[in-house]
Amino acid sequence: MTRFTPPHEAVEPFRLLDTAGELLGETQMSAAEILESFEWMLLTRTFDEKATSLQRQGRFGTFSSVRGQEASVVGAASALDPARDWIAPQYRELPAILRHGMPLENFALYFMGHPGGCVIPDHVRILPIQISLAAQLPQAVGVAWGLQRQRTDGVVATFVGDGASSEGDFHESLNLAGVAKAPVVFFLQNNGWAISTPRAKQTAARTFADRAAGYGIHGAYVDGNDLLAVNAVMTEAVERARAGDGPTLIESLTWRAGAHNTADDPTKYVTAADHEAWAGTDPVERVEAYLRSTGSLDDDGYEAIRHRCADEVDRALGVAQSTPAATSGALFDHVYAEPFARFDAQREAWRQMQEV
Amino acid sequence: MAVKTMVESIRETLADEMARDGRVMVIGEDVGQLGGVFRATEGLQARFGADRVVDMPLAEGVIVGAGLGLAMSGMRPVVEIQFLGFGHQAFHQIGQQVARLRYRSAGRHSVPMVIRAPFGGGVRTPELHSDAFEAFYAHCPGLKVVAPSTAHDAKGLLNAALDTDDPVLYLEPLKGYRLQRDEVPEDRFTVPIGKAQVVREGTDVTIVAWSAAVQLALKAADELAADGISAHVLDLRSLVPLDVTGVADAVSATGRAVILHEAPLTGGFGAELAATIQQECFYDLLAPVHRITAPDTPYPLAGIEEAYVPDQARVVREVTALMEVAP
Ligand SMILES: Cc1ncc(C[n+]2csc(CCOP(=O)(O)OP(=O)(O)O)c2C)c(N)n1
Ligand SMILES: [Mg+2]
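Protein chains in written order, with our numbering: chain A, 1 to 356; chain B, 1001 to 1327.
In short, the hints are calculated from the structure, not lab data. Cβ atoms here follow ideal geometry from the backbone N, Cα and C, with glycine treated the same way. Mixed in with the good hints, there may be bad ones.
Said to hold, decoys possible - Label-pair restraints from in silico Cβ distances:
(1) G1069/B with D274/A: 27 to 37 Å
(2) V1244/B with T152/A: 56 to 66 Å
(3) G214/A with M1072/B: 21 to 31 Å
(4) P1141/B with A279/A: 55 to 65 Å
(5) G214/A with R1104/B: 56 to 66 Å
(6) R1100/B with G168/A: 19 to 29 Å
(7) R3/A with S1073/B: 57 to 67 Å
(8) R1020/B with D274/A: 31 to 41 Å
(9) R1317/B with E303/A: 54 to 64 Å
(10) G1228/B with A349/A: 18 to 28 Å
(11) Q1312/B with R151/A: 52 to 62 Å
(12) D344/A with G1069/B: 13 to 23 Å
(13) D265/A with S1073/B: 30 to 40 Å
As the list claims (entries may be wrong) - Anything over 12 Å on all C-beta distances counts as not near chain A; from chain B, calculated:
(14) R1020
(15) C1140
(16) D1163
(17) E1186
(18) P1192
(19) A1253
(20) Y1283
(21) P1327
Kindly generate the complete structure, drawing on both the sequences and the hints.
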């Protein structure tokens, strides 16, 4: 008799902290590591608030805030070693690339439309922010494959949205990663939306994590608003990849608490009921409650962190805003390793044009 | 006649066509509930239902490929690519499949599909959103490529694109969406695909442009007129098929040709025009055919896009210089 795959039953994401910040199991993170992660989460939230207000004043470009996804991004990053691991980002992972060594002022310059924003310091192991959805994924597999060939023990972590995971590049990448046993972790942030398109319109699959089975790789489904759970799952996936045991797809179930970006009006499609369903799940508050209840954080400690975050954001935005405007020469920089006569002639023509 | 913006004209034409013809569907990313990121499809889902105005999974390849299948099945899909830059993700379907299905099936299958895509720069979009990649598509035999510059032509060309059994790439200027407003007749009409239009009469020099660059050419022509240079402006409207006679007549009328486009110089559609002009108008030319384009560099981050996209001062300067070239 024909045998069909059984219909799926509902699954719950892995969780270590409940919404009140109560620990449900064991965490491998030390208090110091959790505090450090908490600071990255607050830093990105501080930056998002500041940059959003600058954008409203016309002093910053269109950008996508991390709001609501801080635990997801920081939890994933906290399992990585910037000295050997790589990140292939999408665009909504600011604290991960900061922790990996990207200067905040460069990130700010990028969204101010300044070419200086494309600069990635030499020792920083990240690929450029990806705007063309899912295009980073094949590249992440390639970098991981190359690290494996060169017998380093580096791992590549690549971020992708629920929407972007519908692209062919996503499926082609998971497939190749499985075949090549590449040391790569696909970290899928399911934040409920791709601009206005809800998660249910991207896939009929029970979870995004279920797709892993189809590519013969490991899958995990985790509460993305739970820093400790995300760190635990990511740590295991990174260790497995490092040990040569292949790739993992992690679905981090989270919620985009703000607009898609500063040009978006979510009132056109997000309902009050949608927000209601996620009320009380703020990832920053959850870690804060945990840290306070375990005695790792008090009011003074919290204020000190807030001040450091505010100072760092002010410093970085100050540097970005005082960076001189780029000239037309920047159009021509870094286009070719070996420019040629016609190209050089255009550069000269554009230089003269800027003078008139 | 009412004055409309380009985006209003597109939206209302889509609505009229959906009301007129039950086979017309609109599919794309964020086209339904949101009404498109530029609101070009706003209100359509509420009026025609979620099964005719469909929010698709985020994958341009399957959006275009499924559109092709819908067209083969007897529907008349209007497919939206959110930004032409993301047409790359569907290029295998467009270049290999959509453009040649008729040929590959020896005429058995038609592809009455319209692919709409905003393109071009000047509105400070994020990276990779602003390129003018029309030349890639003009290089795909089997596909027609149109690029209206006014709200009027937006309606007429969209209707014509829906009427033809050939697949049409319908390019919408990001910059003109709300900036460009003009009179649009209420009743249905078509602008013939493959027919250019003289939008300003002049005697000294001919500027050939399409899409947002037409408005730029017209503004430059005003300024040139004040300097005593009379510019003739041709709005190409269709790239494929190219109105060879229209181009030749417009250039021969003045003897000087300036081609204006936003895309980089090398391999741009201006190259096709320049070759056509030299062939058709060789004995009428008083000066070399001149191209005003972006440089051969990637579209930059928004902070320096003004240095990249041709602007009015540059058009005026280069046209003036061309007038000084003596045969
Ligand atoms: C290939 C491609 N198609 C379309 C877009 C336009 N676009 C930008 S963001 C976005 C939604 C992405 O959703 P998701 O992957 O879930 O990431 P999120 O924004 O939710 O973090 C779309 C459609 C794009 N940038 N690239
Ligand atoms: Mg998403």
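Now the hints, each set against the structure:
1. G1069/B with D274/A: 27 to 37 Å: Cβ of G1069/B to Cβ of D274/A: about 33 Å, so the range 27 to 37 Å holds.
2. V1244/B with T152/A: 56 to 66 Å: Given about 59 Å between the Cβ atoms, the range holds.
3. G214/A with M1072/B: 21 to 31 Å: 28 Å Cβ-Cβ, so the 21 to 31 Å window holds.
4. P1141/B with A279/A: 55 to 65 Å: At 56 Å between Cβs, range holds.
5. G214/A with R1104/B: 56 to 66 Å: With a Cβ separation near 31 Å, G214/A and R1104/B fall outside 56 to 66 Å, so the hint is violated.
6. R1100/B with G168/A: 19 to 29 Å: Hint holds: Cβ distance 20 Å, inside 19 to 29 Å.
7. R3/A with S1073/B: 57 to 67 Å: violated, 32 Å
8. R1020/B with D274/A: 31 to 41 Å: holds, 36 Å
9. R1317/B with E303/A: 54 to 64 Å: Since R1317/B and E303/A have Cβ atoms about 58 Å apart, the given range 54 to 64 Å holds.
10. G1228/B with A349/A: 18 to 28 Å: holds, 26 Å
11. Q1312/B with R151/A: 52 to 62 Å: holds, 58 Å
12. D344/A with G1069/B: 13 to 23 Å: violated, 48 Å
13. D265/A with S1073/B: 30 to 40 Å: Once the Cβ atoms are compared, 35 Å apart, the range 30 to 40 Å for S1073/B and D265/A holds.
14. R1020: Holds, since 27 Å exceeds 12 Å.
15. C1140: The claim holds: C1140/B sits with its nearest Cβ about 20 Å from chain A, beyond 12 Å.
16. D1163: D1163/B is indeed farther than 12 Å from all Cβ atoms of chain A, at 31 Å.
17. E1186: Fine: 28 Å to the nearest Cβ keeps E1186/B off the interface.
18. P1192: Consistent with the label, P1192/B stays out of reach of chain A, its closest Cβ about 35 Å off (over 12 Å).
19. A1253: Holds, because the least Cβ-Cβ distance between A1253/B and chain A comes to about 29 Å, which exceeds 12 Å.
20. Y1283: Its Cβ never comes within 12 Å of chain A, the nearest being 29 Å, so this holds.
21. P1327: holds, 24 Å
Comparing the model with each earlier hint shows violations of hints 5, 7, 12; every other hint is respected.
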